[in-house]
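Peer 1: Sequence:
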Amino acid sequence: MFKTTKISTVTKKNILITGASGLIGKRLTELLLQKGHSVAHLGRSAKKGTIPSFVWNVEQQKMDANALTGIDT
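In my numbering, the protein residues as written are 1 to 73.
Some hints here could point you the wrong way.
[What the hints assert, rightly or not] Heads up, simulated BS3-like pairs for lysine-lysine below, C-alpha to C-alpha not over 30 Å straight-line:
1. K26 with K12
2. K47 with K62
3. K47 with K3
4. K26 with K47
5. K35 with K47
6. K3 with K48
7. K13 with K26
8. K35 with K3
Calculated directly from the structure, the hints in this document are not laboratory data. Model, not experiment: these values are computed from the prediction.
Sequences are here, hints too, so could you generate the full structure?
Peer 2: Have a look at this one:
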């Protein structure tokens with residue numbers, strides 16, 4: 001059996017989300033920000049906005065070196 005933890009009781013984290021431009025990623029971003037977490041996005045192109053965004057080129061297997069700096073999970 002899995003142990004569950006209410007998200008509101010979890011220590012604040014710095015979280016990197018892949019697929020953040022999709023339906024689930026957008027909602028997950030909103031939820032995590034509401035709970036006080038810091039969020040950054042990793043995707044095929046950098047997005048302008050208030051959330052830090054980093055580039056990940058899957059085909060070339062290259063990722064922005066700064067994307068993981070300070071990330072907890």
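Peer 1: With reference to the structure, classify each hint as holding or not holding.
Peer 2: Verification of the hints:
This hinted pair checks out: K26 and K12 have alpha carbons roughly 19 Å apart, not beyond 30 Å. A threshold of 30 Å between alpha carbons decides the hint, and for K47 with K62 the separation of about 17 Å falls inside it, so the pair holds. For the given pair, K47 sits about 36 Å from K3 by alpha-carbon distance, which is inconsistent with the 30 Å threshold. This hinted pair checks out: K26 and K47 have alpha carbons roughly 13 Å apart, not beyond 30 Å.
About 22 Å separates the Cα atoms of K35 and K47, which keeps this hinted pair within 30 Å; it holds. Between the alpha carbons of K3 and K48 the distance comes to roughly 38 Å, so the proposed pair goes past 30 Å and is violated. As the CA atoms of K13 and K26 are separated by approximately 18 Å, the hinted pair is consistent with the 30 Å bound. Between K35 and K3 the alpha-carbon distance is near 20 Å, which keeps this suggested pair within the 30 Å criterion.
The structure shown violates the earlier hints numbered 3, 6.
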